[in-house]
Structures are given as structure tokens and as C-alpha cells.
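Which chain is which? The protein sequence lines are L and F, in order. Take the position in the first sequence, starting the count at 1, then add 4; the result is the number in this note's numbering. Take the position in the second sequence, starting the count at 1, then add 8; the result is the number in this note's numbering.
Worth flagging that the hints you see were computed from the coordinates, not collected in a lab. Everything numeric in this text was worked out from a predicted model, so none of it was measured. Please note: incorrect hints may appear among the correct ones.
[Claimed, not checked] Here are the simulated SDA-like pairs of lysine to any residue, each with C-alpha atoms no more than 20 Å apart in a straight line:
#	chain 1	residue 1	chain 2	residue 2
1	L	Lys308	F	Glu51
2	L	Lys241	F	Gln79
3	F	Lys18	L	Glu358
4	L	Lys419	L	Ile152
5	L	Lys101	F	Glu51
6	F	Lys41	L	Ser371
7	F	Lys18	L	Leu343
8	L	Lys390	F	Val52
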Amino acid sequence: MHDLTDLTIDTALIKLKNKEISPVELVRAYIEKAKAGQHYNAYVYFDEEQAIKKAEEAENHYANGTNRQLEGIPLGIKDLFCTKDMQTTACSRILGKFVPPYESTVTQKLLDEGAIFLGKLNMDEFAMGGSNETSCFGPVINPWSKNIPLVAGGSSGGSAAAVAAKMCAAATGTDTGGSIREPSAFCGVTGIKPTYGRCSRYGIIAFASSLDQAGPICKDVTDCAILLNNMAGYDLKDSTSSQKDVPDFRSFIGQDIKGLKVGIPAEYRPDGLNSEVALYWDKAAEMLKSAGAEIVPIHLPHTKYALPTYYVIAPAEASSNLARYDGVRYGVRVDGNGLDELYINTRTAGFGAEVKRRILIGTYVLSAGYYDAYYLKAQKVRRLIKNDFDSAFSKCDIILTPTSPIEPFAIGDKKMLENPINMYLNDVFTVSVNLAGLPAMSLPIGLSSNGLPLGMQLIGRAFDEGTIFKVAYQLEQCANFVRM
Amino acid sequence: MAIDNETVRKVAFLSRLCVEQDKLEDTQKEFNKILAWVEELNEVNTDNVKPLVSVNDEALSLRQDNVISGQMSDAILKNAPAKEFGYFVVPKVVE
Numbered sequence: 005m006h007d008l009t010d011l012t013i014d015t016a017l018i019k020l021k022n023k024e025i026s027p028v029e030l031v032r033a034y035i036e037k038a039k040a041g042q043h044y045n046a047y048v049y050f051d052e053e054q055a056i057k058k059a060e061e062a063e064n065h066y067a068n069g070t071n072r073q074l075e076g077i078p079l080g081i082k083d084l085f086c087t088k089d090m091q092t093t094a095c096s097r098i099l100g101k102f103v104p105p106y107e108s109t110v111t112q113k114l115l116d117e118g119a120i121f122l123g124k125l126n127m128d129e130f131a132m133g134g135s136n137e138t139s140c141f142g143p144v145i146n147p148w149s150k151n152i153p154l155v156a157g158g159s160s161g162g163s164a165a166a167v168a169a170k171m172c173a174a175a176t177g178t179d180t181g182g183s184i185r186e187p188s189a190f191c192g193v194t195g196i197k198p199t200y201g202r203c204s205r206y207g208i209i210a211f212a213s214s215l216d217q218a219g220p221i222c223k224d225v226t227d228c229a230i231l232l233n234n235m236a237g238y239d240l241k242d243s244t245s246s247q248k249d250v251p252d253f254r255s256f257i258g259q260d261i262k263g264l265k266v267g268i269p270a271e272y273r274p275d276g277l278n279s280e281v282a283l284y285w286d287k288a289a290e291m292l293k294s295a296g297a298e299i300v301p302i303h304l305p306h307t308k309y310a311l312p313t314y315y316v317i318a319p320a321e322a323s324s325n326l327a328r329y330d331g332v333r334y335g336v337r338v339d340g341n342g343l344d345e346l347y348i349n350t351r352t353a354g355f356g357a358e359v360k361r362r363i364l365i366g367t368y369v370l371s372a373g374y375y376d377a378y379y380l381k382a383q384k385v386r387r388l389i390k391n392d393f394d395s396a397f398s399k400c401d402i403i404l405t406p407t408s409p410i411e412p413f414a415i416g417d418k419k420m421l422e423n424p425i426n427m428y429l430n431d432v433f434t435v436s437v438n439l440a441g442l443p444a445m446s447l448p449i450g451l452s453s454n455g456l457p458l459g460m461q462l463i464g465r466a467f468d469e470g471t472i473f474k475v476a477y478q479l480e481q482c483a484n485f486v487r488m
Numbered sequence: 009m010a011i012d013n014e015t016v017r018k019v020a021f022l023s024r025l026c027v028e029q030d031k032l033e034d035t036q037k038e039f040n041k042i043l044a045w046v047e048e049l050n051e052v053n054t055d056n057v058k059p060l061v062s063v064n065d066e067a068l069s070l071r072q073d074n075v076i077s078g079q080m081s082d083a084i085l086k087n088a089p090a091k092e093f094g095y096f097v098v099p100k101v102v103e
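The shape of chain F in the complex, shown without the other chains (with noise of 0.2 Å):
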């Protein structure tokens, strides 16, 4: 399946990423490459095989639903770009 222009833009902005319009043709061209070589996975005949999710056969295991961490809001905000009264900021999202 070749993609055009229109899907790099699509993806790129589903990705929260900026193609630039003058980089629209490599990375089409690159993308195009990829898919192309990942698509010799259609020669091989897949009917009635469960997709592998995970290679753990354990069960995932229950624990109790207790606090075990917390009161660390000083330490997570530390690293963050803008903060103000305890919050992260981000630009205004709601009118």
C-alpha cells in the first residue's frame, strides 16, 4: 500500500510531530520503502494463527488495592517545564 503526501501529513499530526512541506517528499519516499519491505509478512499464509500480544504465560497477578506511594507531588513537579500552585501549566485549553 503506497501512501501519499496527504497520509504523511495525516500520521505526522496524529503524532504529535511537524513534517516540514519541503521534507513531505523524502519521508514519503522513506515511508514508502519501509512499508514495502514489511509487506514480504503477506507471504506468509497466517490463517488461523492468534496473534502473539504477549510472550508472559504467566497470569498477571492481583494485589491488594492499597496506597503504596504518594504524598510526592514536590518531587514529580521538579522536573516539570512551567508549574504554578502545586499544578503543572499548559496553555489555556478551555474557553
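Next up, chain L with everything else stripped away, as it sits in the complex (with noise of 0.2 Å):
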């Protein structure tokens, strides 16, 4: 019989519409690939009777004529996000098994839409890095790694590891500097990361809250728009999540994009750009021109202050958030001679080396004397980042640029982890589109000559994600990437 899980949620809604395939067949189907795939460690907890439970009542939706948008669908969730009654970690050892008493709103909307999580996946420790390795759960092997096994990315490398190996239809991630895309484009699959304000950071495990927002990765751009339609909206749980209408991303599917204007950001490609990612930007933008679209150069001046600006406002943000992590509430607790003992005790125990590097880093820019050389000059240049951006939209519709200036490395790189400088850069192509607020989608253009992912980056203006879709479907009919 056909693999039910080679199908887009796309192709899987109209076959469970026409009654081709049940829901109980699908959600078993995904539920076999995830065992055969359990040494890529993507997820962290797996629950097998519920799904088969909820596949058999979206069998009863479809029969009966009452299914939702996404009845019967398997999805796996990032373990960020609060799932009511399903343990949350994000994977760190402080948060020991914790099992949230309520959902996150982008879970409860997919929830509502018919969705079956199968389980939680993955991550790096409260988000915090870009390989997937500072996971209390140990790192997650990327399903394209070859002789030796590389790193899925991060910090969503369970999520996107998952889809790439079809453990699961399609996942939720979350992004504060590249956290989607960059792991999207590692596995070789489609992620994108909407305008900040989209989707609802009610309920997802906070990390810096001015830059994290949620998004799907998926097999391909179609079922972006499919979980997006169903994860974006104004939620009165969330004071930043915006107002602003949400179009039918579906609908930008398919949609010409002839006289658009793609820019190409020169500081992108800085001396000593690996040359197959150079070569394959030069491809997508052949690709794009060859579709109708206009190809213009454009300066993103400040792109070289980007991580450092990053470096402090996100650590600061993270110092603050991290602080409730306190051993009284929920999660691991270690006694101490008094309650300033218990909180060390229990934040020394439970954090990672990452996480703590970065509370630290965060305190210490935050405290009384330099405050105003470190956070707020960031701030101020992180302004300058989002004027680069305005005026070159002034230029172009949308940008076009890589998505990592690297292909997967290996789990355990020593130049990697000898200094967490070099594991920053990774995300040199990523963070200015948190700091600056934007949708950014990754999509897969082909491998390298080490048969390995590499991924483009489309950088639409705020709340126009819709644009993204439009070129990104143009991009993905010339890429024509073979998925695993």
C-alpha cells in the first residue's frame, strides 16, 4: 500500500474528506514511522493511546459530516508550548515533569480544528541554541545525517527533525533568532516564523518575549499555509498579539508574482560565504527572475550588528523571564538553609550550561552601571536594524537571502562548543527578522555536495506573510526538492 505518511496535509485532507483513507489509518501510519525513528530522539514524549483515542473520534467527525480544518491530523508539538495534561519541559531538568493545568492558545486553536497531537518534541533548553544539544534530552540527530551524525539544528531541531522522517504531519515551532528556520533548513523542510504579533505567546514557555513567536514547520509551503490559517489570531490572553486581520494564506497559493521585486541584500554575503550556499542564493534568484519576478540589490547597512545586538537583548529578556524558575512552584526543587538557598540550589541544579551562560550574561547587562552601555545602546542599534529594513522595503517587496551560511555540522563540533561565539554565528542570517519583528520563511533549494539540506530565506514586510507564501510556492515549483 501507498506510505500514508509520503502525504502533505494538503493531499491527506481530501483523501480522509473522500473517505480514501481513515484518520485511525493515518495517525497509525505516523505513529509507526516515530517508533522506527526513535533514535533521532525528536520527541521527548510520545503518547500513542490518546492519538489512536482522538483518530478514532475524528473518524466519527468525518462520518457524521462534522470535520474541522485540520480533523484526524498528527501533528507534533515543540515542547515549549503548554499542553494541558501532557508533560511540559522545554526540555530542562528545572522543569522536571511538569504537567501544565491548561493549553497555549496556537495549541488549543489547532486542538479546536480537529489536530491529534501525537506528543512533544525536542529543543534546545528554554530555545537556547542552535544545534539542538543543550536539550536535557541530549541532541537530536538530524534523519539526512550520513556516516556520522549531525546536528537537526535549533532550536526547534525535534520538530523539524520529526517532519523531515514523517513522524509526524506537520509541527509546531517557535523562533526568537532563527529557531525555526534554521533547523527547517537543516532537515530539509519548510518553516516559517510570521510577524511578531501573528500568533499568541500565550502559553509558550518564555524566552524573550519581543522576539519569540510561534509557526509551523512542514513538508512543504501549501501546509504552512494550512497550520498557519490555523494557528495566527488576536488573543486577548496575549497584549502583543495583534488585531490586525488575518487573510487566507492558502489563497496566496499559486499566485503569480510576476513584476514583484526581490531584493538581495549585499552584507549578506560577507568574504568567505561558503560557495555552494552562494551558489544556490544565485540559483534562487535565477529561479525567481525565470518566474516573472524582478531581481534588485539592497543594503541592510547594520546586518553586521545584528548578533551582537541580539547577544544582549535577548539574554536580558531571558534573565527576567527565567527568574520564575524557583523551586517553589512547580518543577524540581533542591532544599537549601533558607529561601535565597533553595532558589540557588534548585536554579544551579536544574539550568544548563547555555541557559545559565546566558541568565548571567543577561543579569550582568540589566544591572545598575551598564544598563545604559549594554541593553540600551542595543536597543538603539536594534532600531537602526529596523530602519534598514523599512527603507529597503521601500525598494523591494520582499528579500531573498540564505537561511544558515552552513550545512548541518556534526553533533559535537569542537569548534562548535569550544567557544559559544562560533555557535552565535550560525544565526548571523536569522536574528535581524526577530529584532525587527518580520515574517521569514526557510523552504529547502537543494543539497550540497555532501548530499545535505540547504535552505533560502524569504523575508516578507510585517503582516505580509501572504507575500512570502506567493513567492515561496513559485520558488519551491522551480526548486523542486526531493523531500526524504
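Using the hints, build the complex out of the two chains.
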């Protein structure tokens, strides 16, 4: 029989509606794949029983015609989303076996449309990392690995790997500095970080609140549109969620891109950029040109300062957000003599090295005497970075860049681990987008000479995910990337 | 601004984290490396630039001050490492 896990959500929904396949069959097929792929370490919690039960309910919905938008579609959920009665740990020891008494808004919306959650997906601890190696459950193995295990990227490494290995139909991710896009590129899948404010952050464990956004990681562009349709929207419970209308993202799929201006930022081609990455970037621009778009050179002069800006602002916000893990209300507790000692013992034992590093840096840049020199300065440069995009978008409608300057690297890579800055540099093409609050998608463009996926990034104007979907779909058609 | 061991110790306490005596040196070095890197920002002229706190340009909306959820102390206490009589338990803080 045809492998049901090859189906995109778009096709699966048609087949489900036509009763060619049943939700139980579909869910079982993904469960089998998830079991066969256990060595990837993508899932940190798996709930087969509950998923089958939900699939049976979905079957009833299809039988009596009350099927909803995502009825019977099996998803994996990044472990950063609070899921009611389903263990949620942010892949940190400090949360222990935390079981949220409530559901995040994004996952609730997906559930309301009939989606089924197979389980929770591995990630860097509190989403801090670019290789999924900071997870307390260990790294995710990239399904594209050849002889040596490669990283799946991060922080949403489990999400991207699970989608690539067809261990779920699609997954949720979150993106603070590239955490949806970089792992999507590394695993040959498609992921979009929508505009800041598009999706509610309610119930998503906070990392850096002014940068965090949720988004889908899927097999293709169309599935991203379908999923984002069911994740976006204003939420009273998140004061930063936007009240702007959410268009039907699906409606942009297949639209003509003739005359559309695609910007190519000169600053994203530093000396020594990986030649294959540069080559595919040129190819992608050619593809869009042949589809009728116009290629225009643009400048984003403050690009160089995006990473240092990010590594002041994100840790500052993180140090404040993570103050809540005190061993009192949830998670693990390590007792001590008095309250301060309880806090110190709990946090020292509960947080991993990278999280501690960021809390320390964040606390320092916010402390008296240094606030102006670091934090305020970074916020000012942040405005200049946003202004760069504002002026670029007066010359173009969308921006095309590579997603990552490199291909997936080995787990335990010495150069990455010996100096945290080397790891931070992998985010060079993704962080500016979060600082400016813009939407951006990564989609696979081809394979490197090592047979590893490379991704392209499309950056849109704020709240113009539509143009991204339009252009991404055309690029996808031209690239004709063969999924795993 | 290079920082010394004493500052590391102070920041660690503010963060309610313990940096072991034998790790102080390494932490200090790493800290200085990261700070030297972010100090590249000093090259940028930011005179008359307003800090960007949030990219959200919509005004925060007001809502009625109504109770929309509550009466769930059992659910909230369920994850507590220590609880008694419907409260979280902490070491004695008031003599």
C-alpha cells in the first residue's frame, strides 16, 4: 500500500474527506514511523493511546460530516508549548515532569480544528541554542545524516527532524532568533516565522518576549499556509498579539509573481561565504527571475551588528523571564538553608550550561551601571536594524537570502562547543528578522555536494506573510526539492 | 569593560546561581569574550536614536476588569514540589 506518511496535509485532508483513507490509518502510519525513528531522539514525550483515541473520534466526525479544518491530522508539538495534561518541560531539568493545567492558545486553536497531538518534540533547553545540543534529553539526530550523526539545528530541532523523517504530518515550532528557520533548513523542510504578534504567545514558555513567535514546520509551503491559518489570530490573553485581520494564507498559493521586486542584500554575502550556499542563492534568484520577478540589489547596512544586538537583548529578556524558576511553584526543588539557598541550589542544579550563561549575561547587562552601556545601546541599534528593513522595503517587496551560512554540522563539533560565539554566528542570517519583528520562511532549495539540505530564506514586510507564500510557492515549484 | 571574579560572583548571586570557586576563572574569561564581542555595538553612532523596546506598533487594548478564570488552586498546586493546606511551602522567611 501507498505510504500514508508521504502525503502532505493538503492531500491527506482531501483523501480523508473522500473517505479514501481513515484518520486511524493515518495516525497509525505516523506512529509506526515515529517508533521506527526513535534513534533520532525527536520526541521527548509520546502518547500513542491518546492519539488513537482522538483518531477514532475524528473518524466519527468524518462519518457524520462534522469534520473540522485539521480533523485527524497528526502533529508533533515543540516542548515549549504548554499542553494540558501532557508533560511540558522546555527540555530543561528544572521543569521536571511539569504537567500544565492549561493549554497554550496556539495548540488550543489546533485542537479546536481537530488536530491530533502525537507528543512533544525535543528542542534546545528553553529554546536557547542552534543545534539542539543543549536539551536535557540529548541532541536530535538529523535524519539526513550519512556516516556521522549531524545536528538537526535548533532550537526546534525535534520539530524539523520529525517532519523530515515523517514522524508527524507537521509540527509547531517557535522562533526567537532563527529557531524555526535554521532547523528547517538543516532538515530539508519548510518553516515560517510569522510577523511578531501574528500568533499568540500565551502558554508558550517565554524565552525573549519581544522576539518570540510561534509558527509551523511542514513538508511544504502549502501545508505551512494551512497550518498558519489555524495558528494565527488575536488573543485577549496576549497583549502583544495583533488585532489585524488574518488573511487566508492558502489563497496566495499559486499566485503570479510577475513584476514583484525581490531584494538581494549585499551585506549577506560576506567574504568567505560557503561557495555552495552562495551558488544556490544565485540559483534561487535566477529561478524567481524566470518566474517573472525582478531582482534588485538592496542594502541592510547594520546587518553586522544584528548578532551582538541580539545577544544583549535576548539574554536580558531571558534572565528576567527565567527568574520564575525558583523551585517553589512547579518543577524540581533542591532544598537549602533558607529561601535564597533554595533558589540558588534549585537553579544551579536545574539549568544547563548555556541557559546559565545567558542568565548571567542578561543579568549583567541589566544591572545598575551597565544598563545604558549594553541594554539601552542594543535597543538603539535594534531600531537602526529595523529602519534598514523599512528603507529596503521601499525598493523591494520581499528579500531573498540563504537561511544559514553553513550546512548541518556534526554533533559535538569541537569548534562550535569550545567557543559559544562560534555557535551564535550560525544565526547571522536569521536574527535581524526577529529584531525587526518581520515574517520569514525557510524552504529547501537543494542538496550540498555532501548530500545535505540547504535552505533559502524569504523575508517579508510586517504582516505580509501573503507575499512570502506567493513567492515561496513559486520557488518551491522551480527548486523541485525531493523530500526524504 | 573587562570584568573580574568579584563581579562574576556578584552577578551570579543576583541571578541566584552558584558559580563554583574552580569555575570562576573560566566563567570570567568566557564572560569577557562575549562582552568584548557585543562591544562592537559601540562603533555605531546612536545619537538621537530612540531605543526600540517593542516592534508592536498597535496600542495596547483595554478590557473590562472582570474575573475570567479562577477557583483552580488545586490545579495550580498540582505541580508544586511542596504544599500544605492549599498553599506553596517555602523555608521559614519571617522569624
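Tested hints:
Taking the CA atoms of Lys308/L and Glu51/F, the gap is about 11 Å. The hint holds against a cut of 20 Å. The straight-line distance between the Cα atoms of Lys241/L and Gln79/F is roughly 18 Å, inside the 20 Å bound, and the hint therefore holds. With a CA separation close to 19 Å, the supplied pair Lys18/F and Glu358/L stays within the 20 Å bound. The hinted pair formed by Lys419/L and Ile152/L meets the criterion: a straight-line CA distance of about 16 Å does not exceed 20 Å.
Between Lys101/L and Glu51/F, the direct Cα distance comes to roughly 46 Å. Violation of the 20 Å bound is thereby established for this hinted pair. Under the criterion of a C-alpha separation no larger than 20 Å, the hint pairing Lys41/F with Ser371/L is consistent with the structure, at around 19 Å. Distance restraint check for Lys18/F and Leu343/L: the Cα-Cα separation of roughly 18 Å lies within the 20 Å cut-off, and the hinted pair is therefore satisfied. Between Lys390/L and Val52/F the CA atoms are separated by roughly 14 Å; this keeps the pair inside 20 Å, and the hint holds.
Going through the hint list in order, the structure does not satisfy hint 5, though it satisfies all others.
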